[in-house]
Amino acid sequence: MPVMTIGEAIRDALRGELARDDRVLVFGEDVGKRGGVFNITQGLQEEFGEERVFDTPLDENGILGMATGLALMGLRPVAEIQFIDFIWPGFDVIASDIAKYRFRSGGQYGVPLVIRSPYGGGVKGGLYHSQSPEAIFGHLSGLKVVIPSTPSDAKGLLTSVIRDDDPVIFLEPKKIYFAVKEEVPAGEHTVPLSKARIARSGKDVTVVTYGYMFHETMKAVEALVQEGIDPEVIDLRTIVPYDAETILESVGKTGKLVIVIEAPKILSVASEISALVAEKAIDVLDGPIVRVTGWDTPFPYALESYYMPNRTRIIRGVKKALSLI
Amino acid sequence: MPVMTIGEAIRDALRGELARDDRVLVFGEDVGKRGGVFNITQGLQEEFGEERVFDTPLDENGILGMATGLALMGLRPVAEIQFIDFIWPGFDVIASDIAKYRFRSGGQYGVPLVIRSPYGGGVKGGLYHSQSPEAIFGHLSGLKVVIPSTPSDAKGLLTSVIRDDDPVIFLEPKKIYFAVKEEVPAGEHTVPLSKARIARSGKDVTVVTYGYMFHETMKAVEALVQEGIDPEVIDLRTIVPYDAETILESVGKTGKLVIVIEAPKILSVASEISALVAEKAIDVLDGPIVRVTGWDTPFPYALESYYMPNRTRIIRGVKKALSLI
Amino acid sequence: MSKETQTPPSLKIQPFTEEPIRFIDDEGRPVGEGDPAAVLGLEDSHLLFLYEAMVRTREIDRMGWILVRQGKAAFYISIGGQEAAHIGSLYALDPEDWVMPYYRTEPSLHLRGATLEEIFGQILGTNTDPSKGRQMPGHFGSKKARAFVLGSTVALGHVTAMGVAMALKYRKERQVVISYGGEGSTSEGHFHSALNFAGVFQLPLIVFIQNNHYAISVPRPRQTAAKTLAIKAKAYGLPGYYVDGNDVLAVYAVTQTVVDQARAGGGPALIEALTYRLDPHSSADDDKRYRSTEEVEAWRRKDPLIRFRKYLESKGLWDETKEQELRERIQKEIENAVEIAENAGLPDPREMFLEVYADAPPHLLEEMQELLQEIQESRQGGK
Amino acid sequence: MSKETQTPPSLKIQPFTEEPIRFIDDEGRPVGEGDPAAVLGLEDSHLLFLYEAMVRTREIDRMGWILVRQGKAAFYISIGGQEAAHIGSLYALDPEDWVMPYYRTEPSLHLRGATLEEIFGQILGTNTDPSKGRQMPGHFGSKKARAFVLGSTVALGHVTAMGVAMALKYRKERQVVISYGGEGSTSEGHFHSALNFAGVFQLPLIVFIQNNHYAISVPRPRQTAAKTLAIKAKAYGLPGYYVDGNDVLAVYAVTQTVVDQARAGGGPALIEALTYRLDPHSSADDDKRYRSTEEVEAWRRKDPLIRFRKYLESKGLWDETKEQELRERIQKEIENAVEIAENAGLPDPREMFLEVYADAPPHLLEEMQELLQEIQESRQGGK
Ligand SMILES: Cc1ncc(C[n+]2csc(CCOP(=O)(O)OP(=O)(O)O)c2C)c(N)n1
Ligand SMILES: Cc1ncc(C[n+]2csc(CCOP(=O)(O)OP(=O)(O)O)c2C)c(N)n1
Ligand SMILES: [Mg+2]
Ligand SMILES: [Mg+2]
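Residue numbers (the working numbering), protein chains in the order written: chain A, 96 to 420; chain B, 96 to 420; chain C, 15 to 397; chain D, 15 to 397.
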């Protein structure tokens with residue numbers, strides 16, 4: 096199997112689906128000649144032509160409206176938003192149209208489309224090139240939100256969401272676009288949606304995470320294991336609709352729960368997972384559910400490293416869950 | 096003290112602040128001659144003139160940009176969004192500008208402004224005249240989100256938010272604009288932000304709620320009391336930054352928690368309050384934390400009454416929390 | 015009765031006129047040389063079809079208001095006064111073309127094959143609504159009629175229609191898409207995005223603006239400082255046409271012109287139809303607060319139906335007997351349809367949970383069960 | 015050196031020209047009749063001030079790139095080639111006027127009293143940044159210089175600037191606000207909202223578009239099908255001016271004209287300045303992928319600094335010695351400022367929590383404590 100980075104795996108998935116299905120169109124700002132500001136779509140316009148892979152005006156609202164209309168007509172648009180922080184000018188299309196089309200039309204119309212976008216911190220991008228707004232999309236009934244953390248999942252999940260009949264926000268952890276490498280299945284490769292991945296089995300505490308934080312969590316786990324703590328790590332993969340079953344099963348085993356995310360804490364995915372467990376499995380819990388998150392402030396530039404959860408913060412979180420501090 | 100509805104109390108607060116402070120401007124779609132589609136601003140243009148109270152073009156993005164610029168220059172804009180469901184075309188102004196201005200400018204600039212808008216279901220408004228998106232605003236660090244449930248609070252909280260130095264989303268439960276009446280202090284009346292109200296003391300279970308759901312909860316409480324259950328009811332009032340102290344104290348007493356809101360459950364305020372308690376007070380809890388919410392679907396028209404939480408659903412929720420079902 | 019006409023090449027319709035393009039005046043008299051029907055290549059049967067379609071639209075609209083008064087519909091949003099703008103433009107489309115409606119389009123979609131039962135099912139929120147009662151009255155759409163299902167956000171449809179046009183271009187179809195909105199819709203960013211993208215990609219999109227002088231209470235000059243709305247097309251390198259929206263022939267002619275252009279690959283266009291909303295904005299409005307009865311009455315005299323009827327009468331094609339007969343026939347059809355729609359009953363609550371996603375995820379199935387439980391308990395205990 | 019000039023009434027600057035308005039050509043020779051300085055009422059000292067300001071801007075920009083190469087700045091976004099457009103327009107403002115910058119405005123704000131330490135503090139993210147290192151390089155703002163602090167969303171500043179203009183009007187101030195953006199910014203809804211509201215309320219707003227031919231890699235024709243960007247003003251009933259953005263005198267003249275109009279209550283205007291970005295979009299860009307070296311070189315020959323210098327030389331106001339002396343002087347000031355900025359150190363993490371709201375709520379104070387704890391532990395354990 097070829098070894099790929101997350102960025103390469105995403106490109107591989109796009110190339111595969113463009114080749115397989117002429118309903119797939121890839122577009123956004125600078126995705127053509129420039130190949131995207133992270134080079135993810137590099138070479139695709141040359142390979143598939145300007146009708147399949149093309150640049151748009153600088154207007155996310157137009158990009159998303161275009162995607163919606165294309166999807167209504169049976170195509171499979173894959174729209175790139177240059178940074179997820181810039182999606183808001185087009186948010187009405189998402190909140191009012193995309194998330195609700197199937198429902199409001201009584202099933203007459205659906206809008207199977209993918210919005211891909213780099214998200215998250217760690218590249219010194221400051222307030223507007225670092226945010227993690229998955230919670231906002233997740234609260235809009237009707238959308239799916241998917242976040243890969245490994246190259247293999249990046250390819251498999253992206254392929255799955257392009258083929259999925261529902262609209263999906265696919266968020267790509269930009270910090271590790273080219274930092275993590277692994278073997279990725281060549282050719283067709285799909286990973287089922289709404290199925291979490293147990294990345295590490297353990298018995299002492301369940302840690303739910305995703306995206307770049309998965310890797311930071313694994314670093315913390317290393318240290319924790321040294322101290323004799325045996326965590327189970329769940330990579331959530333699909334944020335909404337999430338895999339409640341896997342989480343509940345794991346907590347049933349460990350009795351402890353920590354959720355590690357980059358986003359601010361209030362009203363976050365960490366809060367949601369916590370609430371799920373507090374509602375359905377309070378009886379198996381024997382410690383506080385700890386949310387390890389970014390701070391409830393905008394994302395700072397110079398002090399980025401103070402903002403993002405790191406090994407230290409995660410270790411503290413796990414120890415709190417174990418009532419060790 | 097005069098008896099007022101919520102709608103009248105809001106108008107009274109606006110009139111009071113317009114009279115007191117010439118930095119206060121009221122604007123939006125149809126707020127002038129028409130007095131707003133819910134008649135809230137009726138008479139204000141006549142009283143204060145077209146420079147203070149005026150109609151805008153049909154563009155929420157423009158309305159919110161106008162509010163931001165006015166606030167930057169030291170004025171106190173009170174912008175009306177006709178229905179909160181229509182705020183999304185201007186969401187970038189909120190997410191990227193309003194919520195972050197103070198922070199990103201290192202405190203050089205602030206944007207004290209108020210965005211008022213009717214929200215919530217119960218008026219047969221279907222998908223786009225019924226939503227409760229407070230969670231989305233609440234996740235954006237830097238905003239305050241305030242929701243009154245009684246006429247007296249409506250006046251006092253609105254007055255407070257107009258005077259507050261931070262940007263506030265003030266959501267008005269439209270179903271009960273003119274349904275609930277009570278005595279409201281004449282003249283100046285403020286209610287402190289970020290302080291919840293204990294609407295009913297009780298010892299068996301804590302019920303946290305706000306907006307119209309407060310009233311539906313009180314109906315359920317009546318029935319529960321009949322059955323010998325003694326709930327404590329907390330009207331949250333400020334959704335973010337919320338009054339964690341009051342909630343934790345109450346749960347410390349009751350050991351049980353139910354949150355009742357209209358919005359969909361996933362990633363909702365109900366999830367957040369639940370997570371707060373599961374993080375900080377798991378040891379005092381002796382039952383599941385139950386979220387009583389709208390369904391995780393868009394808001395339906397014909398089947399509205401099946402969508403919104405009602406007495407029956409709340410009673411079921413409380414009984415679940417008490418492990419009675 | 016569908017037309018097989020094409021705009022005759024002799025017809026030169028110009029963009030950016032200072033005055034609205036007209037074919038017949040307020041009294042139904044031809045403006046300019048020759049009989050407009052002849053100029054447009056429309057036969058008598060076509061003219062009668064157009065008139066009947068406008069009357070039907072009006073009658074459906076009347077019934078909408080009645081249903082509100084009877085307490086059967088929770089809300090209604092009128093089309094009264096804007097029939098020529100809707101019908102004239104829809105008539106220029108082929109059945110294969112696509113329509114992005116706005117909330118005042120509902121009754122007119124009958125022209126495209128939406129049945130009266132479907133339309134009244136939508137207004138009443140019952141099972142004959144193709145969208146299963148999910149939305150407020152006014153939000154009619156039907157895949158069969160090639161009409162999309164609009165949401166309530168003003169102007170949002172424009173930008174989605176642009177995407178539809180992109181699909182048509184990509185698929186090399188000869189269809190076009192027309193997107194409706196009021197003059198208020200030109201203020202939203204969606205309008206801007208739609209026309210800008212349509213210009214850049216040269217899409218078969220027609221944005222049709224009904225300038226009815228008000229956005230609820232906000233008068234046209236408060237909407238924009240531009241002289242006309244049609245002129246906004248210049249910002250996108252497109253032609254913008256300004257037409258008398260109460261002149262069904264002019265509306266048809268202008269729309270047919272741009273539809274033919276778009277179909278031939280000539281790209282998008284903007285149309286502004288100058289018209290007037292004769293009724294309050296909706297059943298929830300009180301228009302006395304922002305406009306005078308005199309103003310409304312003056313426009314009532316320019317009612318597009320009266321105007322076109324006068325034209326038909328002047329051609330000897332219409333008279334009072336025919337009018338009576340037509341109105342009665344339509345009335346019966348409508349009453350019958352309302353009855354069917356009413357009796358069709360409320361949609362099944364379970365479907366709500368099944369049509370959020372293509373396949374219902376576990377949490378929605380769970381919520382569905384909870385609701386069924388709740389319904390049972392409510393029935394027992396009374397809620 | 016501030017000017018006390020006003021546009022002479024003889025100067026007739028027209029909107030909606032087909033060709034950009036110019037005062038000097040690519041070789042620095044006057045276009046049209048008379049010496050442009052005389053026509054504009056600019057004295058020699060004013061001309062020299064303008065030149066120095068452009069050179070300063072260029073040199074600050076050069077240092078920005080150097081800091082990236084040295085690994086001291088994480089990112090830089092250039093202004094190179096667009097100095098005339100920035101300086102010429104800023105020069106038309108009074109100190110009391112307001113500026114809504116865009117990310118390429120940073121170096122030029124030195125003209126309005128932002129110190130070099132402040133600017134380099136922003137680029138380096140240190141304590142001399144008036145915004146305390148909260149944002150990426152390029153996001154400079156300073157209340158002292160009456161420049162707002164922009165966010166990164168392209169075009170967002172336009173709509174906020176509109177609100178600022180509304181405040182000025184409400185307060186009956188004689189100030190104006192100018193909002194900068196690239197041609198890409200005209201595609202966003204914010205541009206549409208800003209100009210539409212400004213037209214309706216007749217606000218003292220100038221939207222100044224730097225058309226530098228590319229939005230990152232996307233060429234101007236893919237941005238809009240409109241012939242010019244200036245023509246977009248028609249959509250809002252406003253005048254739109256098309257000016258040669260590499261001609262500092264023409265930029266000044268056009269901006270002064272609309273500033274005077276706006277100040278006199280004449281309402282808003284749009285300006286399109288035709289220019290070219292000589293460097294890659296930012297330190298993260300690779301412009302070879304989307305444009306040819308020949309194209310860039312051709313524009314390098316139209317460098318606004320060279321052009322204006324030739325004009326000054328032709329008037330006997332400038333020579334190589336003066337140039338050397340000026341560059342050295344500026345270079346020293348800049349090096350000095352960089353040192354100060356660098357040594358100022360990182361902002362205090364605690365302030366992050368204190369400037370989200372006017373008063374920090376309990377949950378942020380708690381998070382602040384957690385961070386302090388974490389910092390301590392990291393120091394002990396090494397993270
Ligand atoms: C984005 C948005 N804002 C506000 C509303 C509320 N609203 C519904 S119709 C309307 C007026 C629309 O006016 P116009 O576009 O001129 O169309 P008309 O109703 O006159 O046909 C308003 C403000 C809405 N539906 N969507
Ligand atoms: C809303 C938004 N979308 C995308 C971006 C990413 N981005 C930053 S600058 C830029 C190009 C801007 O081009 P233009 O407006 O022409 O200005 P220029 O950089 O050429 O001066 C893009 C796409 C952004 N900052 N904001
Ligand atoms: Mg209108
Ligand atoms: Mg540019």
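These aren't lab readings, by the way, just hints derived from the structure by calculation. Please note that a few of the clues may not be correct.
Across the chosen pairs, the derived CB separations fall in these ranges [claimed, not checked]:
no.	chain 1	residue 1	chain 2	residue 2	range
1	C	Lys302	D	Lys186	47 to 57 angstroms
2	A	Glu142	D	Gly48	27 to 37 angstroms
3	A	Ile293	B	Val379	46 to 56 angstroms
4	D	Asp108	C	Ile320	52 to 62 angstroms
5	B	Gly138	C	Ala312	26 to 36 angstroms
6	A	Val379	C	Pro376	54 to 64 angstroms
Some chain A residues well away from chain C (every beta-carbon gap over 12 angstroms; in silico) [what the hints assert, rightly or not]:
no.	residue
7	Ser247
8	Pro280
9	His284
10	Lys415
Glycine included, each C-beta is placed from N, C-alpha and C at the ideal position.
To see whether the hints hold, each was checked on the structure:
{"no.": "1", "hint": "C:Lys302 x D:Lys186: 47 to 57 angstroms", "verdict": "34 angstroms, violated"}
{"no.": "2", "hint": "A:Glu142 x D:Gly48: 27 to 37 angstroms", "verdict": "57 angstroms, violated"}
{"no.": "3", "hint": "A:Ile293 x B:Val379: 46 to 56 angstroms", "verdict": "32 angstroms, violated"}
{"no.": "4", "hint": "D:Asp108 x C:Ile320: 52 to 62 angstroms", "verdict": "59 angstroms, holds"}
{"no.": "5", "hint": "B:Gly138 x C:Ala312: 26 to 36 angstroms", "verdict": "28 angstroms, holds"}
{"no.": "6", "hint": "A:Val379 x C:Pro376: 54 to 64 angstroms", "verdict": "19 angstroms, violated"}
{"no.": "7", "hint": "Ser247", "verdict": "24 angstroms, holds"}
{"no.": "8", "hint": "Pro280", "verdict": "25 angstroms, holds"}
{"no.": "9", "hint": "His284", "verdict": "22 angstroms, holds"}
{"no.": "10", "hint": "Lys415", "verdict": "28 angstroms, holds"}
The structure is inconsistent with the numbered hints 1, 2, 3, 6, although it conforms to all the rest.
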